[in-house]
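Novice: Here is what each chain is made of, one letter per residue.
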Amino acid sequence: MTVLGREILRAMLVLAAALAVGFIVTALVSHEPLKAYRALLTGALPEFARGADGGWAVRRVTRMGAVLEEAITLTFVGLAVAIPFQARQFSIGADGQVFLGALAAAAVSLAIGGPPFVVIPAACLAAMTAGFLWGLVPGLLKARFDANEIVTTLMLNIVAVQIYRLVIMDLMNDPAAGFLTTPALPLPSVLQVMIARTNVTAMLLWAPVAAFAAWLLMRRTTLGFEIRLMGENPLFAARAGVPIIRTTVLSIALGGVFAGLAGFHISNALLKRLPVDLNPGIGFSGIVVALIARNNPLAVPFAALAYAYLQVGAQVMERTSDVSREMVLILQALIVLFVASDRFGPRLHAFRRTRPFRRRAA
Amino acid sequence: MTADLLFVATLVGATLRASTPLLFAALGGLVSELAGSINIALEGMMLIAAFFGVIASAFAPHWLPGAPGLYPWIGCAAGLTAAIALAGLLAVFHLELGADLILAGIGINILAQGLTMFLLMAITGDKGSTAGLASFAMPRLHMPLVDAVPVLGVLVNGDGLAGQNILVYGAFAAAGLVRFLLYRTAFGLHLRAVGESSDAALSAGISVRKMRYAGLLSSGLLAGFGGIFLAMGYLTLFQTDMVAGRGFLALAAVFLGARRPAGILAAALLFGASQVFAAQLGLYAVPSQVVFMVPPLVTIAALVLFSLRRRRAERRRVEAGVATIFAHSRIIE
Numbered sequence: 026m027t028v029l030g031r032e033i034l035r036a037m038l039v040l041a042a043a044l045a046v047g048f049i050v051t052a053l054v055s056h057e058p059l060k061a062y063r064a065l066l067t068g069a070l071p072e073f074a075r076g077a078d079g080g081w082a083v084r085r086v087t088r089m090g091a092v093l094e095e096a097i098t099l100t101f102v103g104l105a106v107a108i109p110f111q112a113r114q115f116s117i118g119a120d121g122q123v124f125l126g127a128l129a130a131a132a133v134s135l136a137i138g139g140p141p142f143v144v145i146p147a148a149c150l151a152a153m154t155a156g157f158l159w160g161l162v163p164g165l166l167k168a169r170f171d172a173n174e175i176v177t178t179l180m181l182n183i184v185a186v187q188i189y190r191l192v193i194m195d196l197m198n199d200p201a202a203g204f205l206t207t208p209a210l211p212l213p214s215v216l217q218v219m220i221a222r223t224n225v226t227a228m229l230l231w232a233p234v235a236a237f238a239a240w241l242l243m244r245r246t247t248l249g250f251e252i253r254l255m256g257e258n259p260l261f262a263a264r265a266g267v268p269i270i271r272t273t274v275l276s277i278a279l280g281g282v283f284a285g286l287a288g289f290h291i292s293n294a295l296l297k298r299l300p301v302d303l304n305p306g307i308g309f310s311g312i313v314v315a316l317i318a319r320n321n322p323l324a325v326p327f328a329a330l331a332y333a334y335l336q337v338g339a340q341v342m343e344r345t346s347d348v349s350r351e352m353v354l355i356l357q358a359l360i361v362l363f364v365a366s367d368r369f370g371p372r373l374h375a376f377r378r379t380r381p382f383r384r385r386a387a
Numbered sequence: 003m004t005a006d007l008l009f010v011a012t013l014v015g016a017t018l019r020a021s022t023p024l025l026f027a028a029l030g031g032l033v034s035e036l037a038g039s040i041n042i043a044l045e046g047m048m049l050i051a052a053f054f055g056v057i058a059s060a061f062a063p064h065w066l067p068g069a070p071g072l073y074p075w076i077g078c079a080a081g082l083t084a085a086i087a088l089a090g091l092l093a094v095f096h097l098e099l100g101a102d103l104i105l106a107g108i109g110i111n112i113l114a115q116g117l118t119m120f121l122l123m124a125i126t127g128d129k130g131s132t133a134g135l136a137s138f139a140m141p142r143l144h145m146p147l148v149d150a151v152p153v154l155g156v157l158v159n160g161d162g163l164a165g166q167n168i169l170v171y172g173a174f175a176a177a178g179l180v181r182f183l184l185y186r187t188a189f190g191l192h193l194r195a196v197g198e199s200s201d202a203a204l205s206a207g208i209s210v211r212k213m214r215y216a217g218l219l220s221s222g223l224l225a226g227f228g229g230i231f232l233a234m235g236y237l238t239l240f241q242t243d244m245v246a247g248r249g250f251l252a253l254a255a256v257f258l259g260a261r262r263p264a265g266i267l268a269a270a271l272l273f274g275a276s277q278v279f280a281a282q283l284g285l286y287a288v289p290s291q292v293v294f295m296v297p298p299l300v301t302i303a304a305l306v307l308f309s310l311r312r313r314r315a316e317r318r319r320v321e322a323g324v325a326t327i328f329a330h331s332r333i334i335e
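Residue numbers (our numbering), protein chains in the order written: chain C, 26 to 387; chain F, 3 to 335.
Be careful, since some hints might not be right.
[Said to hold, decoys possible] Chain F is faced by these chain C residues, among others (derived, beta-carbon under 10 Å):
#, residue
1, 45
2, 115
3, 176
4, 223
5, 360
6, 363
Treat the hints as calculated values from the structure; they're not laboratory data.
Ideal Cβ positions, reconstructed from N, Cα and C, are used throughout, including at glycine.
Excised from the complex, chain F in its bound form:
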């Protein structure tokens, strides 16, 4: 019985860890989406943050000998800066040069992939990973007192009771923070107004451009945290293409979560759980190819279910006379 509970607690911990990068990136996607600009480039921003985080933390001992506690934070700062810079590049191309956001996003993703592989080769001479470099992980946060309680200890502090990475807590804190920022501050109100109707916002004296910049740059910051967690927590090295589609899963989570922080939290947990489930399947002689199909299929199924639910809700509102039948015509917009 306790063994079963322990197993479940281990899985819950694994789900939290798998959800962390998705949650960070999806929150980033939400902020820019609500400002009216869809961010296809979450994937690239995660990747570039992961790369520069690892490289900077590995070189930090050369720059600052004798301050080992600082190394992961230097890496973290470098990675976040890189992600924000990439988001800034996307914003400049979109808002200043008039590039289509989706095409520019695709370009930014390719740029991140190319730049990381190119620089990885130039810096380490290795095309696959930074396995030859000693990089650092972000610190773990160990909760005191709960270790003595059998299942709770594993649940809170993870397998081996070493404590969860600080960024796991950070992601869930970020969800609350983003929610507060979007729905309880003037900044959030302005941001959402710009996304809702840029013309109305403009005539109310809100700078549409400034808000869209803010949305894209903060999505870079949040996606950057996701990338940092992947390379300085989940693993402690950088591999080419290590983000492996998580940025796009995060984008799916934004839509699936109905563009609300709580919904996004649930969607990120669902995707995280499906990754853990896939890993468990791998233990039972299921071909790995089938295992790899689980998360994308769950994503598609979830999008379809979400759409069915929304349509039913719409129909109910039409029947209740609250909305008109034209609510359905959204499909062609």
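Chain C with its partners taken away, still in its complex shape:
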């Protein structure tokens, strides 16, 4: 079997195992576990039905739209996680970077006028810059002060969410809206819808492009090589002359660029105005996506699509059965645990410790 085939098989195995364990949990609390699981697994599909006039009609387009919208966000966030993870920098800061990216995109969209070909790239660039700068902070803290990046990124997430709320309430609030939110973004800055009755925009095409760009960065540039080398063996990388400090900082900050794009997508394609109570937590979904894709940028869009499909299915499940959508969090956790396990299926090299602890070495 080819390497690719084995990888796909492995991802399928993990998903199937997680779904199986999830079903046991569901069966323990639900009176209608089969119905719930059917909704979870098929709820996101569009429905093709024969209309009264004999022609075919597609129903539930919005659900398919929701899958694609979510998959786009998750692709960007998954890339934002995969790059630092390849350097073995466990940055969990995607959440904060997404929030500040969205904020920057909305602020630029509201501040500058002009035709779409000016405003949209400007907003996009602002979001990427915001994500990059917010990623620089934990990178520098790690490289200069040896501050554990897990702790600092989690703390910075809290700070970023509070900055976001403060700015929207005090500086960008639209008093006419009736709830705490920015004014609606001006029309030229909003991306054109490609599928009617959904928010699927040109970002659907840009997400795979971003994945390809990330792949080029990691596989075809010196920086990407240095990032991967440092992740495999930091001691060797240092001896071989890899600039450890610069690579550490950039691996986290470059992840931030992609998180910023996710923020741009949320602000200028999905919501078109930013409410103060935007939900944090997308960063953890990004970790799951990156893990399923085993940090390979080219696999991230597919993992994102699969995950988005489950997430929309879970919302359908919540509406049509007695099982709540938090089931997906449990599945998410099981997927992370299974993927992270070395001895569960074929070996996983990317995350091996430099000196694995052996069972009976003596």
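Based on the hints, put chain F in the right spot on chain C.
Specialist: Frame of chain C, contents of chain F only:
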């Protein structure tokens, strides 16, 4: 004057209460960290203990009618069991299935979050909290005699002189106990040896696996106490996400406290005080968003200051000829 002193005494009491869950969890983090396994999942272990503590104490009257004194303890036992079970799951995935500890820890945290929300919905039909259930708090310990002394009474027995929760005393006692266990017993020596150099420990005949299991399971127990205090002392109900990052603050306290019990005690008190300070700021028309930024910013500042101090100490040792310049190369490991 007395009013000022009273105010300070109230703040000290509040700081002790805010530090309690952090101290418990940080001690747990310390034990597993010294055994060589960093525990990212303190947060999830606190959460699951809080949930099962509240649920079990609320259902205890059905199981054991007529023994009201026992209900909080039943909850406490259930919560601790759940936290230890979760720690056991993490240990099995890491030590038996070879999962990376950090990734598995992230998974365990998500599992705890999902499981508590899912079961909360299944048991109470409410997604936010167990406000509809009558759950119990752990008993308060009232110190006799000091009430008569004006400031001391408030200092020791808290606002309203009702006494501090027994777990507040428990946390500080646990700090001493953990210190004794780590530095005065053979078990502690073995545990630290495994963390220091697993190869050396193995060749000395210490079971690395057993010690790492012990470290992770005890971190589950201690973090569990922290979660129990949050839901059965600090508050008397369970809310989704009620741990609110305290597990990660506790992890920061482990590093900040230089992986020593006394340092961790100081770090936990610092974080507790910053939470109380943030709450006080809230009274002075400072936007709540700014208030919420204080504890994370204090954490980051403290980590940076700690690193600067350590580096200066290292340089001094190098200059004194005690260490070599290679001490600095630790940054790349």
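Novice: Which earlier hints turn out false for this structure, listed by number in ascending order?
Specialist: 1, 4
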